[in-house]
Amino acid sequence: MSTLIAIGAGIAVLTGIGAGIGIGIATSKAVDAIARQPEAEGKIRTTLILGCALAEATAIYGFVIALLCIFFLK
Amino acid sequence: MEELNCETVFTIPVFGGIGVSESTVVTWIIMAALTVLAIVLVRNLKVENPGKIQLALESAIGWAQDFFDGVMGVRGRAYIPYLITVMLYLAVSNLIGLAGFKPPTKDLNVTAGLALMSIILIEGSGYRAKGFKGKLKSFAEPVPIVLPINILEIFIKPVSLCMRLFGNILGSFVVMELIKVIVPVLVPIPFSCYFDIFDGLIQAYVFVFLTALFIGEAVE
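Same order as they appear, the protein sequences are chains A and B.
My numbering numbers the first residue of the first sequence as 1198 and each following residue consecutively.
My numbering numbers the first residue of the second sequence as 8 and each following residue consecutively.
None of these hints come from the bench; they were simulated from the model.
Warning: the hint list may mix true and false statements.
DSS-like, lysine-lysine: derived pairs with alpha carbons at most 30 Å apart [as the list claims (entries may be wrong)]:
| # | chain 1 | residue 1 | chain 2 | residue 2 |
| --- | --- | --- | --- | --- |
| 1 | B | K109 | B | K140 |
| 2 | B | K164 | B | K109 |
| 3 | B | K187 | A | K1240 |
| 4 | B | K109 | A | K1271 |
| 5 | A | K1271 | B | K187 |
| 6 | A | K1240 | B | K59 |
| 7 | B | K137 | B | K164 |
| 8 | B | K142 | B | K109 |
| 9 | A | K1226 | A | K1240 |
| 10 | A | K1226 | B | K164 |
| 11 | B | K109 | B | K187 |
| 12 | B | K144 | B | K164 |
Being a predicted model, the structure only gives us computed values, none of them experimental.
Next comes chain A alone, as it looks inside the complex (with noise of 0.2 Å):
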């Protein structure tokens, strides 16, 4: 049983590629766009900084579903 619940958490923090993928395209167009603009670091970095944030939510999600199959399935 404790071997399938394993199995089960490690699929879940899977969805940690889709993060992965989504915050290394983000940051490819950020340094593209700094590299064409300079003087709009600024800006860019606020609006980069949040979209990973809420990119990294996804992947989030997936740990709390593998802490939960781990604590709540014994």
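With chain A's structure known, arrange chain B on it following the hints.
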């Protein structure tokens, strides 16, 4: 593993015992500290020849007001003090792990309470700005077919606010504990800068920013 749970510190012996958990006690400490700071820092404010503290306070409050004004517009101005209060509380409680306390936001109940307060404020501000009928009509905007999605959003918004904050703080806490177990000396310092300070401040910022964004959406 016992670091993950929030223990009950003591029990109030009425109605068969009300448990007071650790997060509540830490919240009391934060409340006391913030209240004392609020009283001490605003003493001796003057219009002419302001002191250094007053200038710092004014620039901080001015920044926050400009920020929320930009997000919510003029109509949301009445909600700025609440949002600044929540931001201060979240920033302090996310950083309090550095002082050796357990962050209260690591407890799901605290973030759920904050998210509930946020969604009540968001929906209430909509009713206040548009009137009862106007708000009910706004559920069927821009096209009536989005009505179920709009109703579902009332429940999705607080769940996502709550889970984002809780998951981030708990996640960084777990990672830090693991790093401390593996290498207890010197290595955790740069990780602590990221996971404790940067992540905590960003999450406080994101929480109030999203609440302000939703309020701005509701009152426009």
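- [ ] Could you work out which earlier hints the structure fails to respect and list their numbers in ascending sequence?
- [x] Hint check: 1, 3, 8 fail, others pass.
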